[in-house]
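Novice: Sequence:
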Amino acid sequence: MKKSALWKDTFREIMRSKTRFLSIFAIILIGVAFYAGLSATGPVMIDTADSYYDEQNLSDLHVFSTMGLADEDKKLLESVENADINYLYSKDVIFNKTGLTSKVYSWNENRENINDFKIIEGRLPKSTDEIALDQTSSYANKYSIGDEVKINEESSDSQDNTFKQDTFKVVGFVKSPLFIERSSRGNTTIGNGNLDGFSVVSSDVFDMEVYTDAYVLFDQSNQYESYSDDYQSFIKEKTNDVEDVFSSRPEERYEKLYDEIEKEIDDGYAEIEEAKQDLEEGRQELNDSRKEIDEGYADYETGKDELQTEEANARAEIESERENLNQALNEIQGNKNQLKEAQRENSAAYEQLLVQEQQVLAGLEEVQQAENQLEQRLATSREELEQARIELDDAEAEYQEGLAEFEEKEAKANKEIDEAQIDLKEAEEQLADLEEPEYFVKDRTSFAGYEEFSENADRISAIARIFPVFFFMLAALISLTTMTRMVDEGRNQIGTLKALGYGNMSIAAKYFVYAFIATLFGSLLGLFLGYWLFPSVILDAYSSLYNLPSAETHFYWNYATISMIAALLATGLSTLVSVRLSLRSNAATLLRPKAPKKGKRIFLERIPFIWKRFSFIQKVSSRNLFRYKRRMLMTLFGVAGGTALLLTGFGLSDSIADITDIQFGEINLYQAIVTEDSDANKEEQEFIAETLNEVDGFEKQLQSLQESITVDKGSETRDATLLVPDDETVFQDFVVLRDRDDQTSKYKLSDEGAIITDKLADLMEVTTGDTIEMEWDEGKTSEIKIAGISEQYVEHFIYMSKDYYNQVVKDDIAYNTSLLKYEDAVSEDELGEKLTEEEGVLGITFVSSIKEEFQNSMDSLNVVTVVLIISAASLAFVVLYNLTNINVSERIRELSTIKVLGFYDKEVTMYVYRENFVLTIMGIVVGFVLGIFMHQFVLQTAELDVMRFINQIAWSSYLYSFLLMFFFSSLVMLVMHFKLKNVDMVEALKTQD
Numbered sequence: 000m001k002k003s004a005l006w007k008d009t010f011r012e013i014m015r016s017k018t019r020f021l022s023i024f025a026i027i028l029i030g031v032a033f034y035a036g037l038s039a040t041g042p043v044m045i046d047t048a049d050s051y052y053d054e055q056n057l058s059d060l061h062v063f064s065t066m067g068l069a070d071e072d073k074k075l076l077e078s079v080e081n082a083d084i085n086y087l088y089s090k091d092v093i094f095n096k097t098g099l100t101s102k103v104y105s106w107n108e109n110r111e112n113i114n115d116f117k118i119i120e121g122r123l124p125k126s127t128d129e130i131a132l133d134q135t136s137s138y139a140n141k142y143s144i145g146d147e148v149k150i151n152e153e154s155s156d157s158q159d160n161t162f163k164q165d166t167f168k169v170v171g172f173v174k175s176p177l178f179i180e181r182s183s184r185g186n187t188t189i190g191n192g193n194l195d196g197f198s199v200v201s202s203d204v205f206d207m208e209v210y211t212d213a214y215v216l217f218d219q220s221n222q223y224e225s226y227s228d229d230y231q232s233f234i235k236e237k238t239n240d241v242e243d244v245f246s247s248r249p250e251e252r253y254e255k256l257y258d259e260i261e262k263e264i265d266d267g268y269a270e271i272e273e274a275k276q277d278l279e280e281g282r283q284e285l286n287d288s289r290k291e292i293d294e295g296y297a298d299y300e301t302g303k304d305e306l307q308t309e310e311a312n313a314r315a316e317i318e319s320e321r322e323n324l325n326q327a328l329n330e331i332q333g334n335k336n337q338l339k340e341a342q343r344e345n346s347a348a349y350e351q352l353l354v355q356e357q358q359v360l361a362g363l364e365e366v367q368q369a370e371n372q373l374e375q376r377l378a379t380s381r382e383e384l385e386q387a388r389i390e391l392d393d394a395e396a397e398y399q400e401g402l403a404e405f406e407e408k409e410a411k412a413n414k415e416i417d418e419a420q421i422d423l424k425e426a427e428e429q430l431a432d433l434e435e436p437e438y439f440v441k442d443r444t445s446f447a448g449y450e451e452f453s454e455n456a457d458r459i460s461a462i463a464r465i466f467p468v469f470f471f472m473l474a475a476l477i478s479l480t481t482m483t484r485m486v487d488e489g490r491n492q493i494g495t496l497k498a499l500g501y502g503n504m505s506i507a508a509k510y511f512v513y514a515f516i517a518t519l520f521g522s523l524l525g526l527f528l529g530y531w532l533f534p535s536v537i538l539d540a541y542s543s544l545y546n547l548p549s550a551e552t553h554f555y556w557n558y559a560t561i562s563m564i565a566a567l568l569a570t571g572l573s574t575l576v577s578v579r580l581s582l583r584s585n586a587a588t589l590l591r592p593k594a595p596k597k598g599k600r601i602f603l604e605r606i607p608f609i610w611k612r613f614s615f616i617q618k619v620s621s622r623n624l625f626r627y628k629r630r631m632l633m634t635l636f637g638v639a640g641g642t643a644l645l646l647t648g649f650g651l652s653d654s655i656a657d658i659t660d661i662q663f664g665e666i667n668l669y670q671a672i673v674t675e676d677s678d679a680n681k682e683e684q685e686f687i688a689e690t691l692n693e694v695d696g697f698e699k700q701l702q703s704l705q706e707s708i709t710v711d712k713g714s715e716t717r718d719a720t721l722l723v724p725d726d727e728t729v730f731q732d733f734v735v736l737r738d739r740d741d742q743t744s745k746y747k748l749s750d751e752g753a754i755i756t757d758k759l760a761d762l763m764e765v766t767t768g769d770t771i772e773m774e775w776d777e778g779k780t781s782e783i784k785i786a787g788i789s790e791q792y793v794e795h796f797i798y799m800s801k802d803y804y805n806q807v808v809k810d811d812i813a814y815n816t817s818l819l820k821y822e823d824a825v826s827e828d829e830l831g832e833k834l835t836e837e838e839g840v841l842g843i844t845f846v847s848s849i850k851e852e853f854q855n856s857m858d859s860l861n862v863v864t865v866v867l868i869i870s871a872a873s874l875a876f877v878v879l880y881n882l883t884n885i886n887v888s889e890r891i892r893e894l895s896t897i898k899v900l901g902f903y904d905k906e907v908t909m910y911v912y913r914e915n916f917v918l919t920i921m922g923i924v925v926g927f928v929l930g931i932f933m934h935q936f937v938l939q940t941a942e943l944d945v946m947r948f949i950n951q952i953a954w955s956s957y958l959y960s961f962l963l964m965f966f967f968s969s970l971v972m973l974v975m976h977f978k979l980k981n982v983d984m985v986e987a988l989k990t991q992d
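Counting in numbering that gives the first Met the number 0, the sequence shown runs from 0 upward without gaps.
Hints are not guaranteed to be accurate.
[As the list claims (entries may be wrong)] The list that follows gives simulated cross-link-like pairs (lysine to any residue, SDA-like), each with its CA atoms no further than 25 Å apart:
hint	residue 1	residue 2
1	747	808
2	168	106
3	833	733
4	73	18
5	820	841
6	784	824
7	441	766
8	163	207
9	74	211
10	628	850
11	745	628
12	801	850
13	898	211
14	905	850
15	290	311
16	102	46
[Claimed, not checked] Simulated restraints on C-beta separations:
hint	residue 1	residue 2	range
17	829	221	42 to 52 Å
18	322	283	34 to 44 Å
19	585	6	39 to 49 Å
20	628	520	32 to 42 Å
21	829	145	47 to 57 Å
22	279	377	20 to 30 Å
Rather than coming from a laboratory, the hints here were simulated on the basis of the structure.
As the structure is a computational prediction, the values presented were derived from the model and not from experiment.
Every residue gets a Cβ at the ideal spot worked out from N, C-alpha and C, and that includes glycine.
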């Protein structure tokens with residue numbers, strides 16, 4: 000039998016019942032768009048991020064050491080196969096004037112293309128006096144291209160040993176795949192403890208002997224999608240390979256460094272001894288010179304005295320001889336005078352006297368000659384003595400000059416020796432305190448925002464796995480109602496077709512094709528709309544948090560297949576249920592009108608007290624409500640489903656709205672976490688305490704141990720943070736340990752067990768009194784008893800008293816953090832700057848920063864809830880319109896009759912609206928109950944392992960859900976009013992017999 004007429008009738012039916020067709024089309028479109036779009040949003044977020052990472056060549060691993068990376072480290076790292084490596088320098092600094100902190104990276108054009116900077120404005124530096132800044136608002140609000148940036152020499156740690164210059168010109172703004180978050184750049188040990196951004200300078204600016212960082216990108220990593228299990232497995236394997244390469248390196252480098260430092264110390268002491276020996280030799284030479292000069296002066300004085308003595312003796316001898324000769328000459332002259340008086344001048348005696356006189360005169364002449372010779376000899380001696388004195392004076396002057404020079408050099412040398420001895424003493428202390436360097440191999444999860452972005456995508460995917468199910472259930476309900484009405488309207492036609500010989504399959508095909516076409520077109524449009532709209536809107540909302548490009552939408556065949564199968568099942572099964580009963584009847588039965596429902600007394604009629612007070616219209620409406628039970632139940636469930644979806648959407652928003660305030664305002668009462676050096680001495684700890692006490696508004700400090708641990712229970716393993724306070728009594732002022740169900744019940748730390756957070760307890764499936772295994776410090780394990788379960792919304796914590804810690808760990812506690820409480824008026828920037836200057840402080844994290852970042856993440860999740868609410872509202876409107884339209888269509892003869900009886904248009908509309916109003920109210924009430932259970936189910940399913948949502952629905956959410964459903968009901972009746980106003984009563988009242 001040819002079926003062309005049947006096919007024509009099928010398509011004509013579509014044209015005749017556009018409203019019905021469009022209702023199925025719309026309900027399927029919304030359901031498919033919501034499921035496919037929301038399901039695709041998580042993968043689109045991951046795909047967009049993965050494409051960005053591949054485009055910018057985001058490194059797979061970050062390798063660094065507490066002592067930098069030496070040439071031997073480079074050789075070891077380069078031995079890893081299929082790996083590109085980029086070595087660079089980095090340093091945390093503070094910019095002058097603005098006080099902004101920055102991590103300065105080195106850059107050169109010849110490096111490996113890893114972690115490529117994306118230029119937002121300007122360019123990258125080309126010379127040593129240029130700098131490019133992070134595009135973060137902190138920098139953009141303070142600097143422009145062409146401005147000068149100067150590193151604060153007093154505040155930047157060891158700046159003089161790091162940079163060759165400190166002043167740069169801003170030439171551009173860039174972003175890096177290492178920092179996909181817009182606001183957070185991590186922590187630092189300088190300034191206020193928070194890193195404001197990064198900056199890029201030429202490699203030639205750095206004056207370092209070793210590289211500080213190595214970024215590794217494996218050739219095969221782009222074969223795996225970021226965040227996927229395959230990628231995680233691949234990176235875990237590669238991380239183990241790199242860690243194996245460096246496994247013996249700390250000990251080797253320690254021994255080499257120890258030997259080098261020890262040799263430098265020995266050489267230093269040898270140089271000091273050599274310098275002391277040189278000083279001693281110089282002093283000895285001066286002493287010898289002094290001795291020679293003093294001996295010379297002594298010889299001079301001795302010679303001078305001897306000369307004087309010799310002169311005196313010689314002159315005495317000469318004078319004595321002269322005196323004797325003059326006496327002899329006087330005697331001769333006296334004798335001559337006697338002889339002359341005696342006139343004996345010619346006597347022999349007189350001649351003899353003349354001879355004697357000549358002899359005496361010759362003697363006097365000899366004496367005179369001797370005196371002259373003495374004078375000459377004395378003059379020569381005096382000249383020799385004077386020359387010796389001059390030489391001695393010159394030697395004395397030269398000695399004094401040498402002594403002054405020596406004393407100056409000695410003072411300088413002694414100062415240098417003292418300084419060298421101090422340096423050597425410090426070097427010896429450093430050598431005694433020298434520890435093996437730590438080598439760190441970090442994967443992408445250490446990059447700011449990388450893991451958090453994945454968690455946000457997981458949250459959306461979790462919601463997508465649950466919420467659309469309710470959409471399809473509601474779509475199936477509406478499809479069942481719509482197709483049931485369509486089959487009832489085509490009852491005579493089905494009987495005619497049966498009478499003409501058409502088989503059941505042929506007749507049913509008309510309805511299946513009708514539903515299939517509406518479902519197919521609704522699904523196709525819903526797929527394209529969902530794949531484009533939902534990811535774009537949601538990722539655009541997350542753009543306020545992340546530096547990522549626009550959404551890269553894709554067509555996912557798996558979600559398309561699931562959504563289309565679900566849509567076809569919803570409409571197909573509904574069509575099957577609707578047409579099955581009619582096809583069982585014979586042609587004669589189908590050609591007769593369906594017998595109307597038999598009127599029955601309703602329950603209210605059995606309560607005269609109430610029933611008598613009803614007006615005629617109210618009685619008619621009451622009977623109509625309970626007369627058509629299927630219609631009532633369909634409307635009731637339709638309204639209840641829409642209300643439940645709206646309440647779930649609003650409730651989800653309520654569940655995340657107060658998490659931040661409760662976690663960081665009611666549970667965690669501290670304002671900052673100071674990371675301390677666990678090896679800090681008592682003096683350094685006292686300095687920290689003094690610095691805190693000098694801060695106006697500072698209240699309390701509590702030392703604690705915080706350590707990452709792993710807990711096991713059966714096959715369940717979770718990461719958590721162990722917190723052990725120094726004072727359990729003071730700890731109550733910092734962290735409130737309370738029961739989530741009974742918040743007045745609070746726990747205290749004791750030596751009877753540990754307090755664990757509730758989300759961790761749920762995941763481990765343990766309760767108070769149970770035991771779990773705790774693993775810490777590379778394989779050490781202990782059994783711990785659970786003494787209580789406390790309320791917590793972010794991360795997993797295990798709290799212990801120090802006595803219980805000593806019981807289970809059996810080791811001394813090395814406190815490594817301090818929790819701080821202070822007034823709101825305290826400037827965190829100033830507090831951070833003061834604390835980071837202390838030797839015992841490694842860093843500081845402010846709760847306000849954590850709170851802001853977490854709240855931003857929650858605010859972005861609000862966009863998802865808005866999408867849920869809008870989708871639920873759209874679905875609710877379609878549901879109400881479709882059910883009301885079916886209600887009106889089924890009762891068109893009845894409504895036409897009352898119009899003929901004289902009812903005005905408004906009265907006819909109110910005749911229907913009164914019933915709809917009651918059903919809407921009843922449906923809303925049922926929807927509230929259903930919404931509570933749906934909300935709890937969605938929370939349990941959508942929660943991440945490290946987060947708990949608050950199981951609460953605000954009264955405002957009930958109000959908004961009620962008002963929206965009531966508004967949609969009124970809007971639908973307004974549309975129906977015009978339809979009823981223009982109904983053709985004659986056509987509607989024609990007999991069907």
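Novice: If you draw a straight line from the CA of residue 628 to the CA of residue 850, is it 25 Å or shorter?
Specialist: With a Cα-Cα distance of about 53 Å, the restraint between residue 628 and residue 850 is violated, given a limit of 25 Å.
Novice: Holds or violated: residue 833 with residue 733, Cα cutoff 25 Å?
Specialist: With Cα atoms ~22 Å apart, residue 833 and residue 733 stay inside 25 Å; holds.
Novice: Assess, step by step, whether the Cα of residue 74 is no farther than 25 Å from the Cα of residue 211, and give holds or violated.
Specialist: Answer holds: residue 74 to residue 211 is near 15 Å, not above 25 Å.
Novice: Is it true that the CA of residue 745 sits at most 25 Å from the CA of residue 628?
Specialist: Answer violated: residue 745 to residue 628 is near 52 Å, above 25 Å.
Novice: Would you check the hint for residue 290 and residue 311, treating anything up to 25 Å between C-alpha atoms as holding?
Specialist: violated, 31 Å
Novice: Take a look at whether the Cβ-Cβ distance between residue 279 and residue 377 falls inside 20 to 30 Å.
Specialist: Violated - the Cβ-Cβ distance for residue 279 and residue 377, about 46 Å, lies outside 20 to 30 Å.
Novice: Assess, step by step, whether the Cα of residue 102 is no farther than 25 Å from the Cα of residue 46, and give holds or violated.
Specialist: violated, 29 Å
Novice: Just to be careful, I want the Cα atoms of residue 784 and residue 824 compared with a cutoff of 25 Å; is the pair within it?
Specialist: Violated - the C-alpha atoms of residue 824 and residue 784 are around 41 Å apart, more than 25 Å.
Novice: The hint says 39 to 49 Å between residue 585 and residue 6; measuring C-beta to C-beta, is that right?
Specialist: 24 Å Cβ-Cβ, so the 39 to 49 Å window is violated.
Novice: CB of residue 628 to CB of residue 520, is that within 32 to 42 Å?
Specialist: holds, 33 Å
Novice: Does 34 to 44 Å hold as the CB distance between residue 322 and residue 283, or does it fail?
Specialist: Since the Cβ atoms of residue 322 and residue 283 sit about 57 Å apart, the hinted range of 34 to 44 Å is violated.
Novice: Between residue 829 and residue 221, does the beta-carbon spacing fit 42 to 52 Å?
Specialist: holds, 46 Å
When held up to the earlier numbered hints, the structure conflicts with 4, 6, 7, 10, 11, 12, 13, 14, 15, 16, 18, 19, 21 and 22 and fits the remainder.
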